[in-house]
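Chains as they are written, first to last, in the working numbering: chain B, 928 to 1145; chain D, 231 to 907; chain H, 613 to 999.
No wet-lab data here; the hints were simulated from the structure. Using N, Cα and C, we set each Cβ at its ideal position, and we do this for glycine too. Treat the hints with care, since some could be wrong.
[To be verified] A short list of chain B residues far from chain H (calculated; beta carbon distances all over 12 angstroms):
hint, residue
1, Ala946
2, Ala982
3, Asp1052
4, Pro1055
5, Glu1088
6, Ala1126
[What the hints assert, rightly or not] Mimicking DSSO-like on lysine-lysine, the simulated pairs with C-alpha atoms at most 27 angstroms apart in a straight line are:
hint, chain 1, residue 1, chain 2, residue 2
7, B, Lys1116, D, Lys860
8, H, Lys859, B, Lys1040
9, H, Lys893, B, Lys1081
10, H, Lys765, B, Lys1081
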Amino acid sequence: MADDAAARLYQAFVSEDPASAISVIEGAKSAGTNQAQLFDSLFAPAMSLLGGAWASGAIDEYTFTQAAVVAEQIGSFVTPPAAAQDTGVTVLIGSMHRDYHSVDKNIIGAALKEAGYRVVDLGVDVRPADFLDRLEETGARLLVVCASMVGTAKNVARVREMLVTEERDNVLLLVSGGPFVADLELAKKVGANGVVRGAESALRIIDKISRDKLAGGA
Amino acid sequence: MPTRRGSQDRRKERAERSVAPRKSAQKDEPTPATTVKAPRVTGEPTPQGKVPRRNALFPIGVNYYPLDAETQSWDDWYASDVSENFERIAEARFTIVRLFVSWKMLEPQVGQYSEDALDRLQDVIDAARANKLQVIVCFFADDRLSELMDVPWGKKRNPHTDSYLIQREVALIQKIVSRFRTDSSIFAWDLANEAFCTGFGSAAELEDWVSVMREAVREVDTERPVIVSVDPETLYRHTGVDPRAAIDTCEFAVSHSTAPYRAYAAEGPISFGPSTYLDSFLLRSAARDLPVLADDMGVFALEYSAAEEAAHVRTSLYSAFINRAAGAMLRRFRDLDTERREPYFRDPFEVLVGINDVNGEPKPAFDEVVAFARVAARIDLRRYSLIQERTAVMIPSERYLPLPNLAGLYDPRACLQAYIGAKQAHVPVTIARETDDFGAYSVLIVPSAFRLAEETWERLAEFVQGGGSIVLSYGGGDAHHAVRDLFGVEFLGDGGGRESVTCRVAQADVLGSLRSFDATMETPNYALLGHGGATVVATDAKGSPLLTVNQLGQGRAIFVAFPIERALAQGDPWAAPVAVTDMLRAVYGAAASAAGCGAPVTCDVPEVEVALFQGEEDDVLVLLNHASAKVTANVSTDRQLATIADVRGGSPVVVGGTEFGVPLDPNGTATLRLAYE
Amino acid sequence: MAPRSQQLALAEGLARQNHIQPAVEACYQALANNERDPLVHCLLADLMLYGDFYDEAINSASRAIEIDPDCSPAYLALGLGYDRRGGMWDQSILVWHELAEVEPDLVTAHVQLGEAFAAAAFDDEAIDAWRAALELDPAEARAMYNLAVAALKKEGMSTALPGIRKAGELDPTQDDLFFELAGVVDDGNPAPDPADVPHERDAMITAAGALAFEDDYFAAAELIRGVLEDNPDDPEALGLSAYLYLKQEAVNEAMACALRALTISTRTPTAVYTLGVAFSKRPGLNRNAARVFSALAKTVSGHPMPHVLYAESLLGLQRYSQAADAYRTAISLDPTCVRARFGLAMVLLTEGRYAESMWEIRRAAYHDTRHQGLFWQLYDEYAEGRS
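Use the sequences and the hints to build the structure in full.
In structure tokens:
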């Protein structure tokens, strides 16, 4: 079945018939092949056939090139999505008030976005009240506060205090930055729920949180 | 200065000094740090409340600079109240602060001293005393900000050589020493810092100046130590001036690394690799007959994160402690508030990074000092002592030859690599000089030297015939004729540079667990050797000897046919071929083991530095992870262990064997009390 | 200006052969005769740089410039000395500015200037300098690597990764991997004229590889066609075809040829390589690329580039720590691998390890500039100009 579909897809390529190619792909999908498998199970064998045909001289150079154009046109049907699926989870991120370091925040924020999180980047020098306002506005329950200096890192406690005052106990506060990496106690002192040690760490922690604690809500 | 280094006589002197009250002591005087008595530590966790607060024989201090911000002016010199900071310093178990005299403040006009400035200095010293801190007073320092030396009437005379200014310097010293000589809180008089000493044009100039200043102190105060806080290696590197003779006139020495020296000797990240061994290498290099204070600990630039700073400080402190430092001084109390730059606020020209931030908030590095002090306090150095180092890396005298001779540039790096190799073989190792008496050592490592003195060859031959072992790697050029007899090899010539190193093991287990390998590594020379009686342990791919062992008299002479340490140093230290470093480690380890001075315990992770403090009933094992990754160090001992326990307390863990594993965080440490069956 | 002294000529000869110690001695002899010869001082500076003795290099280069402010090779040595010595970014910026003025077309001066700006945290100025370098030479890989790092700092990995891949393609080391896999060795001889190649499979394959090495893709393709006419199932010929298509931006054709080759024989490293590169050009195929490059890294474990390519595909999958491991493997195999060092610098940035990241970039810059042999180019031009 798969071989047959690949052969038909190949035929569509050399016939310069993108509509038939799409039809073959849709047929495979409806037969149960999921998007992630389409490339390996259908597109790649068809391309191999195409290469074989060119090598043997069954198709000429011009046909080969045109077939490649068709393959390009239908590429998006068989390629796994470049961006991850939307997780539905909103994450607020920003650097603490009087902290102008942005690199950490930018990289972590971008990595989370790439992984399908809805990231709201509040920038640098964010006052605790602004974090609270944006939490209210977005309904987010995940907050990442970055601080690269000891003074600003300690001030993250003010964010926690405001969360308590505003009875936003359901918000998970994660912290990032050298002072927290160096001193895990500091993170506890400021009332953080966890320490993010870079982009991969952020992905891992937030993935776990979203699975364990945020299931069913943003 | 308390010390664990030096002769028994010095120990005795120290013991006497530490218990004898000073003549000037007043009734309400605080007890000097050096007299703090540690309780007798037992194998059991010490009950809370009776734990010593600090290690009496390993004081910790910090430099307290006069200005905290670039926006401050020179006349703000110690203008702010220091009491609160000193209180925190004392609470954190520090015992020493170093203060910096401002000549410009104290003598605004020739011969006229500012009472206001003297009172200011008095206030700071009073605050130190009130907090049971002792003070090192540094007279002549250049901190690049406070204009300490810029007396307006100096008319640009050279303060290092001008006789008139020297006369005024003497007067200043005597003015200050006279005023404070009875003050129990003065720990030592520091004549000058290294920045100031870079202004001397020759060793003789420096020695003369130190001699005059020291005499000036001694005329008024005959007791307290006098020092000059230069590192013999770094100052020589920067200026070509060898300060050893000047240092030798002092009561104790200091060691420190500097930013340029780190760039020269161990460039790269500070949390792993060769640079993590640099501080102890310099410490060992500085340690000759004097105790050495590990000085100026901390990072140089503001570009490091708080976590990196903390890891660096932790590594430096433990390195100092397990390598016989007499104490430790942190570089600076508070970060200098510099002009801010986005995004990292780096100012690479200032090396003034503190253990507190610009607002005075303690940084993680500060907490590291506190945590270290707590651990160090549990190790009574009167009861526990490090195993004597019987292996030494020999720094050749050619290291002091000027350009165009390149030995002076290559040798320190090669010696550092050798030191690291020995450390990674867990061999207790120190540094010796070519002219030193070799009698204290069982193994000498001579790393990639170009040339040794004629008499050194004779002394080496005597050393080996008397039972010593020597590991010498070929340094290039014509080999000395003594090589033939000493190493039992026929030198046929320098085969020149090679792009790769190959090893084919001919005799297994003669020099540890060697393995055959092919590694890509440039080496500048390769000795072509003929057989001359030595055992060929390994060869290159074509059978030319690579490693040989010659039994001579009572000792052994091991020859490595290429400058292995120099090749490692000149290559990329973070991409050194593992096979080559393994071979180096195996050779050093085997040489030391065969000489009876090998690793006191075995450990399967080379990057974990091991130090064993031996006591009568039990031992204390310190492990220091030089890697920036988590590791588990599997340790085994010769003796059957009963229990191990963290020295800070907690329940001892029953081992009942000779092996145990210790998980270590990146740049982490463990300090364990080992009780034997 | 004085002609080159005999001692200087001797020093030059020794330095060009990397005989450092005698070259330094010859320089000192030359200076004993004429202390004011800037050529000797700048040669000495380069010799000191060769040994990583930065302070000495700075002193000698500074002296050369003091004697002749137009001594361009001394600026190069001085700037490199400052950069490597570290902590002297302000001076470094000034030096690279000066060199860019003395030699306005010198691309490396702009690249280095950008790196000095970046190290001093003047990121916008750094970007301007790298763009200026790319205006002079659109194929300047190091400027692109740096721009990728700058993009990472501001916009994250998904923006930076295409940049580093693009830079990698400009970097000839990736092609070097292919030719090594194809068994093409640069023996210094020109590729044969296709007309002279006998109609034998091995001869045609070898000649096609040599022609591809010389960027003569059409002639190479002709020969490959000849091989395929005899045997359309020749996997090596198909692997080479895939490469030729790849070089002409015909990604799908390359993929078709590579897949066909691998259908015939899974042990065709050239096809594995081209397939991986083709995959990495398609957003969404990072997982496939990682699979392919992982296999290649295992097969050709002693070559750094498969590990670099594998690392880049892992970056696309957000598996940063694994990528760091792969980069470190590449660096252990080749410490001069600029692409791996920039890649590792990027991973270190994602972990918040700025200082280490900057160090990797400095190290990459050092190897890249040394690799270019720029000193001798400037030195010869300067020496010629003054004679």
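Now the hints, each set against the structure:
1. For Ala946 (chain B), the non-interface assignment is confirmed: its Cβ lies about 18 angstroms from the closest Cβ of chain H, beyond the 12 angstroms cut-off.
2. The claim that Ala982 (chain B) is not at the interface with chain H is violated, since a C-beta of that chain comes within 12 angstroms of its own (minimum 4 angstroms).
3. Its beta-carbon lying about 17 angstroms from the closest one in chain H, Asp1052 (chain B) satisfies the requirement of being farther than 12 angstroms from that chain.
4. Consistency note on Pro1055 (chain B): stated as away from chain H, and its beta-carbon is indeed over 12 angstroms from all of that chain's, at 22 angstroms minimum.
5. Every C-beta of chain H lies more than 12 angstroms from that of Glu1088 (chain B), the closest at about 26 angstroms, which supports listing it as non-interface.
6. Not every CB of chain H lies more than 12 angstroms from the CB of Ala1126 (chain B), the least distance being 4 angstroms, so the non-interface label is violated.
7. Proposed proximity of Lys1116 (chain B) and Lys860 (chain D) is supported: the alpha carbons are some 25 angstroms apart, at most 27 angstroms.
8. Proximity of Lys859 (chain H) to Lys1040 (chain B) is assessed by CA-CA distance (about 33 angstroms); at most 27 angstroms being required, the pair is judged violated.
9. Between Lys893 (chain H) and Lys1081 (chain B) the CA atoms are separated by roughly 45 angstroms; this puts the pair beyond 27 angstroms, and the hint is violated.
10. Proposed proximity of Lys765 (chain H) and Lys1081 (chain B) is supported: the alpha carbons are some 25 angstroms apart, at most 27 angstroms.
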